[in-house]
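**Student:** Chains A and B supply the protein sequences, listed in that same order. Everything in the first sequence is counted per the numbering used here, starting at 1 for the first residue and increasing by one. Everything in the second sequence is counted per the numbering used here, starting at 1 for the first residue and increasing by one.
Each hint should be verified, as a subset may be incorrect.
[To be verified] List time: in silico EDC-like cross-link candidates among lysine to aspartate or glutamate, alpha-carbon distance up to 16 Å: (1) Lys37(B) - Asp63(A); (2) Lys112(B) - Asp35(A); (3) Lys27(B) - Asp63(A); (4) Lys27(B) - Glu86(A); (5) Lys35(B) - Asp63(A).
If you're looking for bench data, these hints aren't it; they were derived computationally from the structure.
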Amino acid sequence: MKLSEIIKNLDIVVLNAANEDADITSAYASDLLSDVMGNAQAEELWITMQTHKNVAAIASLKDIPAVVLINNGKPDEDMLAHAKLENVAVLVTNLACYEFCAKLYNLINCEL
Amino acid sequence: MEFLFEIEGANFSVAGNASSTIKRALKQRDVDPAKIKRIVVALFEAEINVVAHADHGTIRVLIEDHQVQMFVKDFGPGIEDVKEAMREGYSTASNSVREMGFGAGMGLPNIKRNADVFEIESIKGLGTNAHIIIYL
Numbered sequence: 001m002k003l004s005e006i007i008k009n010l011d012i013v014v015l016n017a018a019n020e021d022a023d024i025t026s027a028y029a030s031d032l033l034s035d036v037m038g039n040a041q042a043e044e045l046w047i048t049m050q051t052h053k054n055v056a057a058i059a060s061l062k063d064i065p066a067v068v069l070i071n072n073g074k075p076d077e078d079m080l081a082h083a084k085l086e087n088v089a090v091l092v093t094n095l096a097c098y099e100f101c102a103k104l105y106n107l108i109n110c111e112l
Numbered sequence: 001m002e003f004l005f006e007i008e009g010a011n012f013s014v015a016g017n018a019s020s021t022i023k024r025a026l027k028q029r030d031v032d033p034a035k036i037k038r039i040v041v042a043l044f045e046a047e048i049n050v051v052a053h054a055d056h057g058t059i060r061v062l063i064e065d066h067q068v069q070m071f072v073k074d075f076g077p078g079i080e081d082v083k084e085a086m087r088e089g090y091s092t093a094s095n096s097v098r099e100m101g102f103g104a105g106m107g108l109p110n111i112k113r114n115a116d117v118f119e120i121e122s123i124k125g126l127g128t129n130a131h132i133i134i135y136l
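Okay, chain A solo, but in the shape it has when bound (with noise of 0.2 Å):
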């Protein structure tokens, strides 16, 4: 399912756009960083609380197109600048991560 019918589909806020094209099949759900960089993989959403620089840079790294803050987290400053120029999206939602990851799994599980 496209990142875009995703954002459409679910109440999300878009801090920053990007990737709306990607192909989004699966997602991991991690507020451990060295859990994300090690199982995390290409082409997921990651849907975390952490809201600081180094989620971008991560993000960047792992070639994740999306990164989705829940319990409508604030994303710093620094990690929003980082996220527009590394070309990662950054998403809102106020949602709480199981309930989060429950309606995302419907969603894309229903479409496949």
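Using the hints, position chain B against chain A.
**Tutor:** This is chain B only, laid out in the frame that chain A set:
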């Protein structure tokens, strides 16, 4: 092709700069993306270790035709028990580092998993040297 990065301890805002530079250089050389991923994970974890634990350090990256070598040298507290530090989940990171999502004790195991050769030696009170090789 050789790169030298100076790493400043505790400055997380520039952590990852070395990894980004090397990733770009490897892409330009058309290195296999699967290899690039392994190199970038190992290098990023090494960078973070220097930033999180040491006063300062250097990372020298040598890109050769058949391999990429990374020499990581830091001046810091050193690792008391290297064998224990290699264990998944073992960490001496501070609370502030853990709040950022680092310090879960996964860094050195991540390096080991991705490296073809990983040697590490440390002197308590002086610092740590690591040598990482990934074959292309």
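**Student:** If a hint holds in the structure, say so; if it doesn't, say that too.
**Tutor:** Evaluation of the provided hints:
With a CA separation close to 9 Å, the supplied pair Lys37(B) and Asp63(A) stays within the 16 Å bound. A distance of roughly 14 Å separates the Cα atoms of Lys112(B) and Asp35(A); the hinted pair therefore holds under the 16 Å criterion. Distance restraint check for Lys27(B) and Asp63(A): the Cα-Cα separation of roughly 13 Å lies within the 16 Å cut-off, and the hinted pair is therefore satisfied. A distance of roughly 15 Å separates the Cα atoms of Lys27(B) and Glu86(A); the hinted pair therefore holds under the 16 Å criterion.
At most 16 Å may separate the alpha-carbon atoms for a hinted pair to count; Lys35(B) and Asp63(A) meet this at roughly 14 Å.
When held up to the earlier numbered hints, the structure conflicts with none and fits them all.
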